[in-house]
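All chains should be modelled from the sequences, with the hints used to inform the complete structure.
There are 2 protein chains.
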Amino acid sequence: MDRILETIRDIKPIDTRLMEETQNRLDSLTKPRGSLGRLEDFAKRVVGITRKVNPKIDKKVIFTMAGDHGVSDEGVSAFPKEVTHQMVYNFLRGGAGINVLARHVGARVVVVDMGVAQDLEPHPGLLIKKVGYGTRNMAKGEAMSKEDAIQSIIRGIEVFEQEMEHEGIDIIALGDMGIANTTPSSAIVAVITDSRVEDVTSRGSGIGDEQLMKKILVIKRALEINRPDPKDPIDVLQKVGGYEIGGLVGCTLAAARNSVPVVIDGFITTAASLIATCLAPLVKDYLFASHNSAEIGHRVALHYMGLKPMFDFGLRLGEGTGAALGISIIEAGCKILTEMASFNEADVSRAN
Amino acid sequence: MDRILETIRDIKPIDTRLMEETQNRLDSLTKPRGSLGRLEDFAKRVVGITRKVNPKIDKKVIFTMAGDHGVSDEGVSAFPKEVTHQMVYNFLRGGAGINVLARHVGARVVVVDMGVAQDLEPHPGLLIKKVGYGTRNMAKGEAMSKEDAIQSIIRGIEVFEQEMEHEGIDIIALGDMGIANTTPSSAIVAVITDSRVEDVTSRGSGIGDEQLMKKILVIKRALEINRPDPKDPIDVLQKVGGYEIGGLVGCTLAAARNSVPVVIDGFITTAASLIATCLAPLVKDYLFASHNSAEIGHRVALHYMGLKPMFDFGLRLGEGTGAALGISIIEAGCKILTEMASFNEADVSRAN
Chain A
1 MDRILETIRD IKPIDTRLME ETQNRLDSLT KPRGSLGRLE DFAKRVVGIT
51 RKVNPKIDKK VIFTMAGDHG VSDEGVSAFP KEVTHQMVYN FLRGGAGINV
101 LARHVGARVV VVDMGVAQDL EPHPGLLIKK VGYGTRNMAK GEAMSKEDAI
151 QSIIRGIEVF EQEMEHEGID IIALGDMGIA NTTPSSAIVA VITDSRVEDV
201 TSRGSGIGDE QLMKKILVIK RALEINRPDP KDPIDVLQKV GGYEIGGLVG
251 CTLAAARNSV PVVIDGFITT AASLIATCLA PLVKDYLFAS HNSAEIGHRV
301 ALHYMGLKPM FDFGLRLGEG TGAALGISII EAGCKILTEM ASFNEADVSR
351 AN
Chain B
1 MDRILETIRD IKPIDTRLME ETQNRLDSLT KPRGSLGRLE DFAKRVVGIT
51 RKVNPKIDKK VIFTMAGDHG VSDEGVSAFP KEVTHQMVYN FLRGGAGINV
101 LARHVGARVV VVDMGVAQDL EPHPGLLIKK VGYGTRNMAK GEAMSKEDAI
151 QSIIRGIEVF EQEMEHEGID IIALGDMGIA NTTPSSAIVA VITDSRVEDV
201 TSRGSGIGDE QLMKKILVIK RALEINRPDP KDPIDVLQKV GGYEIGGLVG
251 CTLAAARNSV PVVIDGFITT AASLIATCLA PLVKDYLFAS HNSAEIGHRV
301 ALHYMGLKPM FDFGLRLGEG TGAALGISII EAGCKILTEM ASFNEADVSR
351 AN
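Respectively, the protein sequence lines represent chains A and B. Taking the working numbering, the leading residue of the first sequence gets 1, the next gets one more, and so forth. Taking the working numbering, the leading residue of the second sequence gets 1, the next gets one more, and so forth.
Calculated directly from the structure, the hints in this document are not laboratory data. All the given hints hold, so there is nothing to weed out.
Have a look at the derived ranges for each label pair, beta carbon to beta carbon:
1. GLU198/B with LYS231/A: 45 to 53 Å
2. LEU120/A with GLU167/B: 40 to 48 Å
3. ASP27/A with LYS140/B: 31 to 39 Å
4. SER342/A with LEU18/B: 41 to 49 Å
5. THR338/B with GLY106/A: 17 to 25 Å
6. ASP2/B with GLY306/A: 54 to 62 Å
7. HIS123/B with ARG17/A: 39 to 47 Å
8. LYS284/A with LYS56/B: 35 to 43 Å
9. LEU282/B with ASP27/A: 39 to 47 Å
10. PRO13/A with ASN352/B: 46 to 54 Å
11. ASP27/A with LEU18/B: 46 to 54 Å
Computed list of chain B residues with no C-beta within reach of chain A, every gap over 10 Å:
12. PRO13
13. GLU161
14. LEU223
15. ARG227
16. LEU307
All residues carry an ideal CB built from backbone N, CA and C; glycine is no exception.
Structure representation (structure tokens):
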């Protein structure tokens, strides 16, 4: 736990004075004032986070964390459980959606086994940080022990710090893989935002009406049996969370501590961000919401954190796919700041 | 006029049978069915447009067309008229917003002088297709002659065909530069969509309340004096349009004729698309709306054409800046189609 507390303690508020200076610089560039809208905001916030007046978004890392979920035994997903490890191998071979979009935006995918139910073959692109072989069925008891919840966060911190030290990181995106993991995510969002389960639960990878009703009942049962404490985010993670979700929490805390912007993907990574911001409210200013997914609870969680997504393409794949596109948009904003000519440099007349 | 009619006549409907086949292929890839939402739609439509089952978005061209407007004499813009040619030089030196974002997405900017009020120095990146030295003041009479309206469209067609022949083109984005050109754009959108001028007119590059009131009155006067015929898009272009708008119309028609997707930028390029779709309704299926701009009439025009923008960042710069980002998103969709592994290839189990 000390490692987590230490990480949280070192997170600084973002630098608002530098952000004001950045707005002045943006206003000196050859465009009507404020005419690049949110692109300007993204650039400004990256400056505030990184404390670099000319931030470069070169080293882009997508952490796609995988874990299995005991609750998949309840039949809450359209896909069988073995898809989690099958997809991990697909990531490592470069054939998944996240690989395609990561290449498109020039990012590196770091795949992390946080708690896949199988032992995975070693691979240079895979970090094994397994806390357990899948969580227990939260509909029948706690998803994991308190110690494992803490461990999952600590290993997430380690993953970030390790990559930061060896390769350097300018920005990260969060991604997830875990059959049934919209179920714990709905549970987390319901508890923390004090929402009805029905209002934050939808079809995940594509279940029908009957299965959706069942999924809602399963989540309600999990909350009744476990009674997670909304004021204690680690208790929520332990009782109705997942190992990959814990890893993403750790990764987010470590990024904030290291002044690195974090791009959130869909519902699962947003549930992780929610836990991270409950643990350390300053984290919120380090987060960029890339998209609004098809999962109905996503909007609720983003709204709770005061985050406005960049786009809404009806994505519901996870893996970090939407966040990959978000990285590229933030990078575009930073390039506006660092590459555009000013009115003086270009000898262009200003507004009357 | 023959050149225009010939171009329109050769525009084919997009290939919906190929699009259905493409959806089947998308459904075989390692992701829940439909889980990449609009990215899948973008890929599918590019296939339908290009008739290539594995479309590559390599050769990306942004046509940024410039022209001056006599109506700027009425004080409808925050910027002085000379900014049009000053910004053209800024484009050619690579210092403008569009240059930065074009580089970011790997696109080439082709700057076209359709009707700048000054003679411009020759430059390898500049095409001189000048129809006139700025339009006449539409608040006092027709913005241009019928012959010049037709000429501007023809020159737009020529610009596209020339680039297509010499360099090849996989996708284009439309961009504009012309001080005061939201004024003719509002006039065009008001006439064609049968909207009140107040509902399609806002602050352009950033005018205040009083100037906005004046702008609205100027547009109303222009419509009263000229009485453009809503059923005759060339009449609308002639009476209340602009040379760069005509050029963009031609460029759009030529792209559709050559089975090339067109990404629209902000309000001005959307007004041009509106004229193009009135001339040739099939064009609509070739268009991708990148963003919803801060100009209130933009939404009206997009809605009229049935186009849904990809994002809303409050952009109001023009030049093709939003469309540049749109290119990258469409490219991402195409890569999903062409680069992702199928369930069979990756040995991943399908949904139950």
